Amino acid sequence: MENLLLKQLREALPQGMRVPSEIEALYTWIEANGFVSDEDGRRRGYLYPQDRLKQSWSDDEREGGTDISFFAGEPESSDLGLSYWFYGKERELDAEIKNRLCVFASSGKDGSMCALWMDDAGKTKIVHMGSGSGSTMTCVLTRNGLDFLRLLAIGYDEICWSEAFSSPPNSDEDELFVHPNEPFKQWVRERFKTTIPQTALEIATPADMDDDEPKDEFLIWIRSLWE
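Each number in this note's numbering comes from the position in the sequence shown (counting from 1) with 4 added on.
Derived by calculation from the structure, the hints in this document are not laboratory data. Just so we're clear, the structure is a prediction, and the values are computed from it rather than from any experiment. All C-beta atoms in this analysis are idealised placements derived from N, C-alpha and C, irrespective of residue type, glycine included. A portion of the hints provided could be inaccurate.
Pair ranges (Cβ atoms, derived) [said to hold, decoys possible]:
| no. | residue 1 | residue 2 | range |
| --- | --- | --- | --- |
| 1 | 199 | 45 | 18 to 28 Å |
| 2 | 216 | 92 | 15 to 25 Å |
| 3 | 177 | 103 | 45 to 55 Å |
| 4 | 230 | 181 | 31 to 41 Å |
| 5 | 55 | 231 | 44 to 54 Å |
| 6 | 176 | 53 | 37 to 47 Å |
| 7 | 198 | 38 | 19 to 29 Å |
| 8 | 36 | 61 | 19 to 29 Å |
| 9 | 94 | 177 | 23 to 33 Å |
Lysine-lysine pairs mimicking DSS-like chemistry, simulated, CA-CA at most 25 Å apart [said to hold, decoys possible]:
| no. | residue 1 | residue 2 |
| --- | --- | --- |
| 10 | 129 | 197 |
| 11 | 11 | 93 |
| 12 | 11 | 127 |
| 13 | 58 | 219 |
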């Protein structure tokens, strides 16, 4: 059976960019488990069945580990979303953006996103694009697909909030308790013969879109397009 989630991502990629092999493996795992939904001919993928996650949700806790959705929009809608993120209005995207950036996940309910980005050397990295109205984290999130999966397996509620990255999940007793997604964690460990970090800062170096003197290469690139 065709992996529609992966097909849509490949079709959305800029020329010369490839899907990291670990993301291909993730999409295969998602499809094999049936953690998908379809709407208007477009597919979304998840790390946990959404009906069970919603049923488990109470004021104090929920199941499912990190809540994130994977998708690839049609070119017209994707370009429109990026034009508002970059310019605050509908406008023709610069070729530089179209040639190097592809959003592939919604990282938070505030509207934050994860994207594949081609750096100056032509290497594909995974970046975070904060919504600005909520999260302002804008940076290279992980330098490869494997570290991205390891980050997701840690089990934060959402991965758009960098202020949580210095502590393990559920460290704040006043916040929603998120039960770990053990099947996903086990798959990451066994499929890639790797370990799961205790905190995100073991593999990520967050940066903020409002940083005065940015050192993050993705944020520097973003700033060059804003000037």
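Hint-by-hint comparison with the structure:
1. The hint said 18 to 28 Å for the Cβ distance between residue 199 and residue 45, and at roughly 39 Å that hint is violated.
2. One distance hint, 15 to 25 Å for the beta-carbon pair residue 216 and residue 92, holds here, with the actual separation near 21 Å.
3. Distance hint check for residue 177 and residue 103: the Cβ-Cβ separation is about 46 Å, which falls inside the suggested range of 45 to 55 Å.
4. Between residue 230 and residue 181 the beta carbon distance is about 39 Å. The supplied range of 31 to 41 Å therefore holds.
5. Between residue 55 and residue 231 the C-beta distance comes to about 46 Å, which sits within the given range of 44 to 54 Å.
6. Under the hint 37 to 47 Å, the C-beta atoms of residue 176 and residue 53, about 26 Å apart, miss the expected range.
7. One distance hint, 19 to 29 Å for the beta-carbon pair residue 198 and residue 38, holds here, with the actual separation near 25 Å.
8. Distance hint check: the CB atoms of residue 36 and residue 61 are about 25 Å apart, consistent with the given range 19 to 29 Å.
9. Checking the proposed 23 to 33 Å range against residue 94 and residue 177 shows it is violated: the Cβ atoms sit about 44 Å from each other.
10. Of the pairs offered as hints, the one joining residue 129 and residue 197 holds, with about 21 Å between alpha carbons and a cut-off of 25 Å not exceeded.
11. Between the alpha carbons of residue 11 and residue 93 the distance comes to roughly 29 Å, so the proposed pair goes past 25 Å and is violated.
12. Between residue 11 and residue 127 the CA atoms are separated by roughly 21 Å; this keeps the pair inside 25 Å, and the hint holds.
13. Note on residue 58 and residue 219: the hinted pairing is violated, with a Cα-Cα distance of about 39 Å set against a maximum of 25 Å.
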